[in-house]
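Novice: Chains as they are written, first to last, in the working numbering: chain A, 132 to 548; chain B, 55 to 174.
In case anyone wonders, no lab produced these hints; they're calculated from the structure. Be a bit skeptical, because a hint or two may be false.
Claimed, not checked - Capping the alpha-carbon separation at 27 angstroms, the derived lysine-lysine pairs in BS3-like fashion look like this:
1. B/LYS57 / B/LYS86
2. B/LYS140 / A/LYS279
3. A/LYS202 / B/LYS128
4. A/LYS502 / B/LYS86
5. A/LYS517 / B/LYS86
6. B/LYS86 / A/LYS516
7. A/LYS516 / A/LYS536
8. A/LYS501 / A/LYS516
9. B/LYS86 / A/LYS501
10. B/LYS128 / A/LYS279
11. A/LYS483 / A/LYS496
12. B/LYS132 / A/LYS279
As the list claims (entries may be wrong) - Label-pair ranges, simulated between beta-carbon atoms:
13. B/ILE74 / A/TYR282: 41 to 51 angstroms
14. A/VAL229 / B/ASN115: 30 to 40 angstroms
15. B/ASP148 / A/ASP363: 37 to 47 angstroms
16. A/HIS185 / B/ILE74: 46 to 56 angstroms
17. B/ASN116 / A/TYR282: 16 to 26 angstroms
18. B/GLU56 / A/GLU392: 51 to 61 angstroms
Backbone N, C-alpha and C define an ideal beta-carbon position, used for all residues, glycine too.
Spelled out from the first residue to the last, the chains are:
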Amino acid sequence: MYECDIAVIGGGPAGLAAAIEAKKHGAGKVLLIDRDIELGGILQQCVHNGFGLHIFREELTGTEYAERFIKELKDLGIEYKLDTMVLSITQEKVISMVNKTEGIVNIRARAVILAMGCRERTRGALNIPGTRPSGIFTAGTAQRFINKEGYMVGRNVVILGSGDIGMIMARRLTLEGARVRVVAEALPYPGGLVRNVVQCLNDFDIPLLLNHTIVDIKGKDRIEGVIIAEVDENRKPIDGRARYYECDTLLLSVGLIPENELSKGIGVKLDPVTGGPVVNESMETTVKGIFACGNVVHVHDIVDYVTEESRKAGRSAALFVNEKGGEWGTPISTRPGNGIRYIVPHLIREDKVGHSVDLFMRVDKIFTDKKLVVKSGDTVIRVIKKAYMRPGEMERISIAADSLKAADNLPLTVDVE
Amino acid sequence: MEKSIVICTICPIGCSMEVIEDRSSDSGYLVKGNSCNRGIDYAIAEVTNPTRILTSTVRLNNAGLRRLPVRTDKPVPKNLMLACMKVINSVEVDTPIEIGTVIIENILSTGANVIASRTV
Ligand SMILES: Cc1cc2nc3c(=O)[nH]c(=O)nc-3n(C[C@H](O)[C@H](O)[C@H](O)COP(=O)(O)OP(=O)(O)OC[C@H]3O[C@@H](n4cnc5c(N)ncnc54)[C@H](O)[C@@H]3O)c2cc1C
Ligand code: SF4
Chain A
132 MYECDIAVIG GGPAGLAAAI EAKKHGAGKV LLIDRDIELG GILQQCVHNG FGLHIFREEL
192 TGTEYAERFI KELKDLGIEY KLDTMVLSIT QEKVISMVNK TEGIVNIRAR AVILAMGCRE
252 RTRGALNIPG TRPSGIFTAG TAQRFINKEG YMVGRNVVIL GSGDIGMIMA RRLTLEGARV
312 RVVAEALPYP GGLVRNVVQC LNDFDIPLLL NHTIVDIKGK DRIEGVIIAE VDENRKPIDG
372 RARYYECDTL LLSVGLIPEN ELSKGIGVKL DPVTGGPVVN ESMETTVKGI FACGNVVHVH
432 DIVDYVTEES RKAGRSAALF VNEKGGEWGT PISTRPGNGI RYIVPHLIRE DKVGHSVDLF
492 MRVDKIFTDK KLVVKSGDTV IRVIKKAYMR PGEMERISIA ADSLKAADNL PLTVDVE
Chain B
55 MEKSIVICTI CPIGCSMEVI EDRSSDSGYL VKGNSCNRGI DYAIAEVTNP TRILTSTVRL
115 NNAGLRRLPV RTDKPVPKNL MLACMKVINS VEVDTPIEIG TVIIENILST GANVIASRTV
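Let the hints inform the model, and build the full structure from the sequences given.
Specialist: Shown next as structure tokens:
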């Protein structure tokens with residue numbers, strides 16, 4: 132059987148950064164596998180700018196950001212296979228994959244990095260009533276059609292959900308001459324970044340209806356219109372507060388789900404809140420030698436954080452194959468407290484932390500003038516004042532290794548106070 | 055007196071600011087509602103000369119990929135975005151193309167070039 136030191140599954144920004152970093156840290160044979168026909172993942176359809184402010188101090192388009200990493204990967208001579216779908220991975224790290232030229236191939240790796248990204252939530256996951264006509268797309272699918280295939284999805288458009296992808300598509304469609312009638316959002320605040328509300332909606336006078344959702348879809352073959360209703364605080368439609376909007380296209384921008392069929396097959400433990408693997412400070416899953424990074428672990432809004440997290444996974448995998456990873460020991464667990472939905476990493480081995488460890492988390496609603504309080508048992512180890520926090524924006528807290536030493540293996544909790 | 059509302063996009067707080075014409079101040083404007091000083095310059099630029107980086111695609115011949123992503127290398131006036139799109143959509147290019155190649159020079163005399171944002 133063909134063997135390699137590290138197999139990286141997925142060639143988006145996560146897989147690229149992990150493979151590069153593993154190679155730079157002394158991993159021998161690194162193999163990256165992607166089912167797409169080119170490297171770069173979702174970034175290749177992101178023609179808009181706003182990527183790379185943290186890592187490069189420049190505002191790049193998604194394609195430009197991807198190209199920098201693809202070039203580095205090639206310069207380092209890292210091997211990759213495209214148009215190749217990974218079917219399964221065993222605990223012994225035998226990877227089974229299929230492509231048109233070789234058929235089914237099995238490869239044994241000493242370490243695996245999972246970087247499969249995420250997929251979009253669809254109408255089925257939402258249960259919108261009404262007919263099933265054509266003309267309904269997820270925002271990311273529409274983005275691929277327009278930006279890569281040059282195929283305009285429609286002329287008279289309604290968008291459900293105010294996630295970043297939906298807002299970016301509202302601008303893109305408008306620039307291409309379509310009329311975006313309205314963006315409806317069931318929550319009382321926009322899902323995506325403020326910057327996108329301003330530059331994608333307000334700049335083009337596209338109305339954003341907060342506390343509104345679609346209650347019915349009309350049309351036989353092609354969609355003809357939708358009924359949008361105001362909702363109450365429990366997201367239930369209010370009687371008599373509905374209006375018909377004619378449209379030939381409906382885009383759904385209602386969230387992303389980490390792509391974890393393969394992870395489930397291996398038997399790594401998943402976090403029910405993020406939908407991604409439980410990981411430790413080194414981005415290692417609960418199966419030794421299997422690492423994970425990027426959107427497969429939790430949905431990121433900023434690609435720079437994906438890159439940072441993935442570099443860590445790459446370094447850790449290189450240490451692991453060079454037998455410097457060390458034993459699991461008894462880790463400290465992290466626990467989301469009041470107002471916090473989840474924390475990544477889930478487990479921290481104090482002796483593996485180095486100088487400090489970053490905790491990534493999301494709050495469960497909008498908070499103004501609050502504090503993020505990190506406690507070990509009852510002892511407060513860090514307090515950060517926050518003028519403003521929202522679920523759409525990931526929070527990051529750095530914890531110094533010293534304060535973990537004092538922590539005495541008690542769980543680490545974070546609360547909004 | 056001229057008065058406009060500007061939402062700051064510099065940081066995630068997104069302060070909603072009021073910009074009022076004010077002859078007595080150096081900048082000619084009075085800005086209210088900003089939580090920090092960075093908002094002031096942004097607000098004034100938004101009412102005097104709002105600009106944006108424009109990103110789009112152009113038709114690509116002889117490649118599997120049908121569109122080449124492009125962007126302006128400098129911000130262009132916001133009110134010229136749709137006019138710039140007309141020019142961008144009238145262009146077709148052939149492969150190979152190197153990232154950064156100028157596709158349209160000095161679009162609508164804005165001083166900005168439209169450049170390729172990937173290699174094909
Ligand atoms: C539409 C959209 C717009 C965005 N806009 C911005 C923005 O403006 N600014 C910003 O900073 N961030 C933005 N983001 C976020 C950022 O792009 C993502 O967080 C980032 O792309 C995630 O990287 P990833 O490598 O984890 O996943 P992906 O980029 O999704 O890559 C995953 C890769 O894994 C491959 N794969 C999956 N399963 C298999 C399998 N079984 N076998 C082989 N290969 C497989 C896929 O083909 C894909 O190439 C956006 C994200 C999306 C979806
Ligand atoms: S004014 Fe300051 S605090 Fe307010 S959004 Fe702008 S940068 Fe942020």
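Novice: Does the alpha-carbon distance linking A/LYS501 and A/LYS516 stay inside the 27 angstroms limit?
Specialist: Answer holds: A/LYS501 to A/LYS516 is near 6 angstroms, not above 27 angstroms.
Novice: What's the verdict on B/LYS128 and A/LYS279, does the C-alpha distance respect the 27 angstroms limit or exceed it?
Specialist: Cα-Cα ~24 angstroms, so holds.
Novice: Tell me if the beta carbons of A/HIS185 and B/ILE74 are separated by a distance inside 46 to 56 angstroms.
Specialist: 35 angstroms, violated
Novice: Can the suggested window of 51 to 61 angstroms be confirmed for the beta-carbon pair B/GLU56 and A/GLU392?
Specialist: 57 angstroms, holds
Novice: When you check the alpha-carbon spacing of B/LYS86 and A/LYS516, does it fall within 27 angstroms?
Specialist: 23 angstroms, holds
Novice: Starting from A/LYS483, check that the Cα of A/LYS496 is at most 27 angstroms away, please.
Specialist: Violated, because 33 angstroms separates the two Cα atoms, which is more than 27 angstroms.
Novice: Measuring from beta carbon to beta carbon, are B/ILE74 and A/TYR282 in 41 to 51 angstroms?
Specialist: 47 angstroms, holds
Novice: Holds or violated: B/LYS57 and B/LYS86, Cα atoms, limit 27 angstroms.
Specialist: Holds, because 11 angstroms separates the two Cα atoms, which is no more than 27 angstroms.
Novice: When you check the alpha-carbon spacing of A/LYS202 and B/LYS128, does it fall within 27 angstroms?
Specialist: Given pair A/LYS202, B/LYS128 holds - Cα atoms ~24 angstroms apart, limit 27 angstroms.
Novice: Within 27 angstroms, alpha carbon to alpha carbon, are A/LYS502 and B/LYS86?
Specialist: Satisfied, since the Cα-Cα distance of roughly 26 angstroms is no more than 27 angstroms.
Novice: Would the hint linking A/LYS517 and B/LYS86 be met if the CA-CA limit is 27 angstroms?
Specialist: Cα-Cα ~21 angstroms, so holds.
Novice: Could one say that the CB atoms of A/VAL229 and B/ASN115 fall in the range 30 to 40 angstroms?
Specialist: 32 angstroms, holds
In summary, the structure is inconsistent with hints 11, 15, 16 from the numbered list given earlier, while agreeing with the others.
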